[in-house]
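Chemist: If you read the sequences in order, they're chains A and B.
Numbered per my numbering, the first sequence finishes at 338, counting up by one with no gaps.
Numbered per my numbering, the second sequence finishes at 338, counting up by one with no gaps.
Please keep in mind that the hints were generated in silico from the structure rather than gathered at the bench.
Bear in mind the structure is a predicted one, so any value in this text is a computation, not a measurement.
Wrong hints could be hidden among the right ones.
Same chains, same label: a pair holds when it works inside one copy or across any pair of copies.
Unchecked claim - Using 35 angstroms as the maximum straight-line C-alpha spacing, the simulated DSBU-like pairs for lysine-lysine come out as follows:
{"no.": "1", "residue 1": "K127", "residue 2": "K184"}
{"no.": "2", "residue 1": "K100", "residue 2": "K77"}
{"no.": "3", "residue 1": "K184", "residue 2": "K255"}
{"no.": "4", "residue 1": "K184", "residue 2": "K216"}
{"no.": "5", "residue 1": "K142", "residue 2": "K273"}
{"no.": "6", "residue 1": "K184", "residue 2": "K250"}
{"no.": "7", "residue 1": "K216", "residue 2": "K77"}
{"no.": "8", "residue 1": "K77", "residue 2": "K290"}
{"no.": "9", "residue 1": "K273", "residue 2": "K184"}
{"no.": "10", "residue 1": "K77", "residue 2": "K250"}
{"no.": "11", "residue 1": "K134", "residue 2": "K273"}
{"no.": "12", "residue 1": "K291", "residue 2": "K77"}
{"no.": "13", "residue 1": "K328", "residue 2": "K216"}
{"no.": "14", "residue 1": "K216", "residue 2": "K127"}
{"no.": "15", "residue 1": "K273", "residue 2": "K77"}
{"no.": "16", "residue 1": "K265", "residue 2": "K77"}
2 protein chains.
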Amino acid sequence: MCRNHYSISNFSFTYGEDRLFFLTMSIFKYKKAEQVTWKPRYIILSYMQVVETIDEMRRLRSKLTEPVGLVPTMGYLHDGHLSLVKRARTENTSVVVSIFVNPTQFGPQEDLKNYPHDTKHDLALLEKEETDVVFMPSVEEMYPPQFDSWVEVSEVTERLEGAFRPTHFKGVATVVAKLFNIVQPTRAYFGQKDAQQAIVIKKMVADLNMNLEVVACPTVREPDGLAMSSRNIYLKPEERKAATILYQSLKLTQQLYSKGERDAERIRQGMIALIKKQPLANIDYVSIAHTETLEELDTISPPALVSLAVRFGKTRLIDNIIIR
Amino acid sequence: MCRNHYSISNFSFTYGEDRLFFLTMSIFKYKKAEQVTWKPRYIILSYMQVVETIDEMRRLRSKLTEPVGLVPTMGYLHDGHLSLVKRARTENTSVVVSIFVNPTQFGPQEDLKNYPHDTKHDLALLEKEETDVVFMPSVEEMYPPQFDSWVEVSEVTERLEGAFRPTHFKGVATVVAKLFNIVQPTRAYFGQKDAQQAIVIKKMVADLNMNLEVVACPTVREPDGLAMSSRNIYLKPEERKAATILYQSLKLTQQLYSKGERDAERIRQGMIALIKKQPLANIDYVSIAHTETLEELDTISPPALVSLAVRFGKTRLIDNIIIR
Chain A
15 MCRNHYSISN FSFTYGEDRL FFLTMSIFKY KKAEQVTWKP RYIILSYMQV VETIDEMRRL
75 RSKLTEPVGL VPTMGYLHDG HLSLVKRART ENTSVVVSIF VNPTQFGPQE DLKNYPHDTK
135 HDLALLEKEE TDVVFMPSVE EMYPPQFDSW VEVSEVTERL EGAFRPTHFK GVATVVAKLF
195 NIVQPTRAYF GQKDAQQAIV IKKMVADLNM NLEVVACPTV REPDGLAMSS RNIYLKPEER
255 KAATILYQSL KLTQQLYSKG ERDAERIRQG MIALIKKQPL ANIDYVSIAH TETLEELDTI
315 SPPALVSLAV RFGKTRLIDN IIIR
Chain B
15 MCRNHYSISN FSFTYGEDRL FFLTMSIFKY KKAEQVTWKP RYIILSYMQV VETIDEMRRL
75 RSKLTEPVGL VPTMGYLHDG HLSLVKRART ENTSVVVSIF VNPTQFGPQE DLKNYPHDTK
135 HDLALLEKEE TDVVFMPSVE EMYPPQFDSW VEVSEVTERL EGAFRPTHFK GVATVVAKLF
195 NIVQPTRAYF GQKDAQQAIV IKKMVADLNM NLEVVACPTV REPDGLAMSS RNIYLKPEER
255 KAATILYQSL KLTQQLYSKG ERDAERIRQG MIALIKKQPL ANIDYVSIAH TETLEELDTI
315 SPPALVSLAV RFGKTRLIDN IIIR
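Throw the hints in and build the complete structure from the sequences for me.
Modeler: Shown next as structure tokens:
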């Protein structure tokens, strides 16, 4: 019972050692000043922790309530990432998001140096999604000078992206294995946009008996169909416009398949012809492959992964659909 | 209170779903038959579980009390292995021992097919050491047909054993990573006899942030100094006698070092000269190296790993000491 006038009271305090609770309370005002009482209208409990060291992440992990969902990201978050965080939030008691631009998955000629970042914005978005812990290690923390152990998945890493980015999946598998060992999630969430990545990680988890579930979530698209990607920001206006051809060509495949076409090579050629109408587009590959082995198909039998990689200027985009 | 005459009562019953308790009870006899009472003189609670599938191992693991110690073995257990189990027993609440002759760590010309085994004897020894769980998977269970993910530790795996057995440590690191993921031990125990193996596994655990402690335990030797090894059984009587030269040459190094010798090459040559006096011995390597990088030393500064591999007929033996 409080007998003074208050309008808004906003304060924070530390609860225990780890968790910072921000309480925002607003007070109902009664007509008679004498009757003003404390009545919390809403209480926001925001206890997102941001940690930069492996030791601190482990320490927090031991206090998180299971099940724990992990969303590994390279930051510069968009709605695609947030859809993974939302999914993790609904399926787990605790949610950890990692932000780490992993140098070992970039080739020497690739965009590591220019990879976009906006940590402040990322953290604001993650707080809104009620993330429990954001793990943001430095490169030195993840790869100390003597680092020299690697996880390699064979065969499926040699095709598609692996053929164009030969060391890419060695870097991906290694950093994801490290994150899994540090965070020890019950489930880990990856975007279907990076279809081959999800396949490689599922294979690694199965082969090495890692004790977690890998969840692949649907690709999130812009209104015109372009798959969301942190790299879309590199596109010049005319390239951005031209890039819609990717999803158009995937939709073409779906249409041809729906009409009864089963000859994979005819569909590939149809896609290539469509993309080539767009003079800014340079095709790396157009593939119709088995969803697990990634072997190219002659005849389509569902499920089949239709995927492509196309360059627009210096920007390389990938996209895919699964024919079911 | 029991008023009948009993001499020895030996019975067993199943407790819960998982644990088989064998109770051996003996009864004090009093002079007057009427006063015979049940008095357990000793109760042996033996609840060792033997499991062959990964799923079953995981299920049992979730019920074990932490901390959990793991001793990975290839079976045909000797006192060296048992020293690891004893150490695990003293340092942990639960002890898991794996028996798995891992095919991926044998080269095509090596002794995989003839590797000795005696499961019944192994299990009897492990029961005596109060092992909680023995994990004995088949090759198919550990390496299903599509298996194709590997853990590789670079640099330190290329020297010494790695130079003579090029795929050996890839197989070791991979199977040990799998066992760690399946058993999720707090601590894992390895013999110092396989010095390079312990170094490789410690490096893998550090680099990939595996959440456990690796404990290397002292080499156990026969009375004449030969390091215990499952492969010693291959030795013909004259080879067995000749094999004592390994430890003699290691002791020579210790003596030379104690007398002030610091020139690594002079010591190597001394060891080689001694071993060559034994006509049955064929040297693969004699090394004095840094205990972490395994780089060969010119000048000895402790700690230094003095190690060797010598063939006697078809049997290849390794041994080492650390100069501190």
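Chemist: Of the hints stated earlier, which fail here?
Modeler: The structure conflicts with hints 5, 8, 9, 10, 11, 12, 15 and 16, although it agrees with all the remaining ones.
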